[in-house]
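Peer 1: In this note's numbering, the protein residues as written are 1 to 86.
Check the hints yourself; a few may be wrong.
Claimed, not checked - Pairs of lysine to aspartate or glutamate, EDC-like flavour, derived with a Cα cap of 16 Å:
hint	residue 1	residue 2
1	K15	E58
2	K15	E33
3	K32	D10
4	K65	D45
5	K41	D16
6	K18	E46
None of these hints come from the bench; they were simulated from the model.
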Amino acid sequence: MSVAWAIQEDNGLFKDVKLAIGSCTPMPFRPKEAETFLRDKTKGDETIRAAVNMMIQEIRRISGKRPSFIYKVPVLEGLLNAILRG
């Protein structure tokens with residue numbers, strides 16, 4: 001799995017968030033819905049939790065229920081939380 005990111009913040013707000021997630025969908029995945037959701041939101045636990053959940057749900061929608069998700073989802077959740085918390 002891989003996650004690439006570019007995040008701009010200003011005074012505790014997400015200003016611009018770009019993420020790319022690899023090895024969870026058939027092709028590298030940009031979670032554009034979550035990126036848009038985060039824009040101008042406060043960098044807090046609830047906001048981050050909601051964005052991570054959006055990304056996981058979108059990945060499941062694209063890929064279906066794969067056997068590898070049993071270990072990939074917890075790892076990806078941890079990575080995304082760490083990245084978004086900075």
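Peer 1: Assess, step by step, whether the Cα of K65 is no farther than 16 Å from the Cα of D45, and give holds or violated.
Peer 2: violated (27 Å)
Peer 1: Under the criterion that the straight-line Cα-Cα distance not exceed 16 Å, is the pair K32, D10 satisfied?
Peer 2: violated (20 Å)
Peer 1: Given the proposed pairing of K41 with D16, does the C-alpha separation stay at or below 16 Å?
Peer 2: Roughly 10 Å between the alpha carbons, so the hint for K41 and D16 holds.
Peer 1: Going straight from one Cα to the other, do K15 and E33 come out at no more than 16 Å?
Peer 2: Cα-Cα ~15 Å, so holds.
Peer 1: Quick one, are K15 and E58 close enough, alpha carbons at most 16 Å?
Peer 2: The given pair, whose Cα atoms are some 22 Å apart, is violated under the 16 Å limit.
Peer 1: Just to be careful, I want the Cα atoms of K18 and E46 compared with a cutoff of 16 Å; is the pair within it?
Peer 2: Roughly 19 Å between the alpha carbons, so the hint for K18 and E46 is violated.
Going through the hint list in order, the structure does not satisfy hints 1, 3, 4 and 6.
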